[in-house]
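Trainee: Below are the chains, spelled out letter by letter.
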Amino acid sequence: MRDVAIIGVGMIPFGRRDEDTLVDMLAYASLKALDDAGVEAVDAVYVANMGGGILQHQTAVASALVDRLSLLPAAADLVENGPASGGSAIKNGVLAVASGYYDVVLVAGGEKMREVSGWRATDFVATLTHPEVEYPYGITLPGMAGMFTQLYMEKYGVTREMLVEISLKNQHMGALNPYAHVEMLITREGILDSPHAVVNNPPAATPLHLYDLCPVSDGAAAVILCPLERVKELSKNVPVIVAGFGQATDTHTLAERDDPTDLKAVTLAAQQAFERAKMKPEDISVAELHDAFTILEIAESEHVGFFKKGEGGKAVLEGKTRLGGQIPINMSGGLKARGHPVGATGVAQVVELTWQLRHELPKERQVKGAKAGFSINFGGFGNNVVAFVLKRGEK
Amino acid sequence: MPIYPSRYSWPMARITNYILKESCMAVDMELELMLRPPSLPMAPYPPKVITLANGKKMVVREAHREDVPTLLKSVHPTLFIHKDFYDVVGARLYSELLGMYTYRTANEFCLVGQIDGFLVGMVNSRMYSAKTGMSLHTLAIDRGLRVGAHLFAAKMEHHIEYLGQEEVLIVAESPIGFRRWMLEYGLEPTDIPHELGGALSYRLTRELYFETKPRLVVGDRPVPPELLEVAQREIIIASEAETREKIAGLKGR
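Going line by line, the protein sequences match chains A and B. The first sequence begins at 1 in the working numbering and counts up by one. The second sequence begins at 1 in the working numbering and counts up by one.
Simulated from the structure, these hints should not be mistaken for lab results. All values derive from a computational prediction rather than experimental measurement. Beta carbons: idealized from backbone N, C-alpha and C, even for Gly. Some hints could be false.
[Unchecked claim] Estimated spans, in silico, between C-beta atoms of each pair:
id : chain 1 : residue 1 : chain 2 : residue 2 : range
1  : A       : E19       : B       : P193      : 33 to 39 Å
2  : B       : G198      : A       : A75       : 54 to 60 Å
3  : A       : P202      : B       : R233      : 29 to 35 Å
4  : A       : D18       : B       : P69       : 27 to 33 Å
5  : A       : E256      : B       : I236      : 53 to 59 Å
[As the list claims (entries may be wrong)] Counterexamples of contact, computed for chain B against chain A with all Cβ distances above 12 Å:
id : residue
6  : M34
7  : L52
8  : T102
9  : E211
10 : P214
11 : E229
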């Protein structure tokens, strides 16, 4: 197997992109990645998208993108793996290059969720739940997250203050990120301490409140992969090496898990990624975790080994996950502020880490001297998780 | 302080003087009085201040007739925003404010939300009768801060607590409104057609208002004088382009 490098990345600002179609967004991000890499042709295209068939009534999006970009006759595949579609698509691209079958691969992830109401978008995401024992009873992902949070609070002592601290941190970072959907600063007074916070930050899925949830967003992101051995020939960028990846699944229904607070797929995916990279959690300079709900940033930080169980929330309060802390997490603003166009998210995480490892971000978001990055793309409610370990290569 | 504290309490001579001289509207007062709807006495809305999620202080106060031209300028760009039903809300609100300005709407009031003097949203409504309020519109210009939710709550507060009404009839023109009002307040459906297009009204009763008040109605009184002075000095509005961007731009939530 060959080592695989990321030689180009691109992203478009997340938000409400009413004027753009799904394929428009994918094309814009892809063109940016192609320009960034300095390549004009690719062997294959993998597109991550969860909802085109449901929300846009459009299928075969990968074929449409290849044609839009005049990349014919590149091979094209659509990867639908729920909110982990982005991570899955990159994994498939990495395998294709590592195997030696393809040399230059474009992976693009995108989602257009804002053309439907928030209810319909929430219902669309809920189609990943079990169709017989969960969905018919009205469960949604925020509902699952609320129950998970309650259990996690009871078992590990996570407090509301810890969750609020994550909201503040991630919205602060989002306000510094021009690609973020939510660029609005919030204050602890406004969402917790003031008596007016009862309206500003109402319960959404108890004990989660409005500011514990990511927004519903439109957006797209893309990466260009190639064999490490061809980096110097193909691109002038500092390569970012896909040092390891992992993927694991868990039970479809939450009720079938021995301990619903144990995110086994997160642990397993992270272990695989670290083993393949021959690295440990303490080797990571910066991480992008899947904080669709604030509780997940804490839970994932513990399950992947950055902190012991029960320590992740305290670490947040102690500033260990802020810029300059022990392990800066979600310097992009995370899903919480950058937004969560589900098919784009896993790709956007890797784009952000690539910028971090190429040391290209402004200092208020750049982890100084970052050498290795880590991401968790969390599908379902932890029933399909993709992890990546990336490291800065030599120019 | 506003020049005219209550537009319906003016003596006839003053009204005549205003229309003929101050506003240069040469009209036949005899006919004008026949055209105007009858009015009910309306208690003023005491201003309050709300701390928003971003920590900024929003002053909520009653707008007066002389504020209407400024408000109309702010509403105007929304007529052309074809998303989230801003166009229909904007067009109707524009006409209602114009009706308030020209004395063609009975018992109407308008509350505005201001941060450092800047207009961030407005609501209007009217007394249909002494006992029943007719909620008209809610327009949030700065989005993502629950400005609309706070202003709608203030509107209900005015109807029930200060105007002393027993119920308010409400409809929503957008899914966002439906979620905010019908669901969050748990409003009662009725078969009463609403003034806004004849949709069947939902009802906020006095009892339901006080039941929901602890989780939906907030604000501090009195407003610190320095905040109130800034708000009353001038209603500062965003440009048309800025308003469109705030409401319908990429980051508009």
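Trainee: Please go over all the hints and tell whether each is borne out by the structure.
Mentor: Do the hints match the structure? See the list:
no.	hint	verdict
1	A:E19 x B:P193: 33 to 39 Å	37 Å, holds
2	B:G198 x A:A75: 54 to 60 Å	57 Å, holds
3	A:P202 x B:R233: 29 to 35 Å	33 Å, holds
4	A:D18 x B:P69: 27 to 33 Å	31 Å, holds
5	A:E256 x B:I236: 53 to 59 Å	58 Å, holds
6	M34	44 Å, holds
7	L52	6 Å, violated
8	T102	35 Å, holds
9	E211	15 Å, holds
10	P214	8 Å, violated
11	E229	21 Å, holds
The structure is inconsistent with the numbered hints 7, 10, although it conforms to all the rest.
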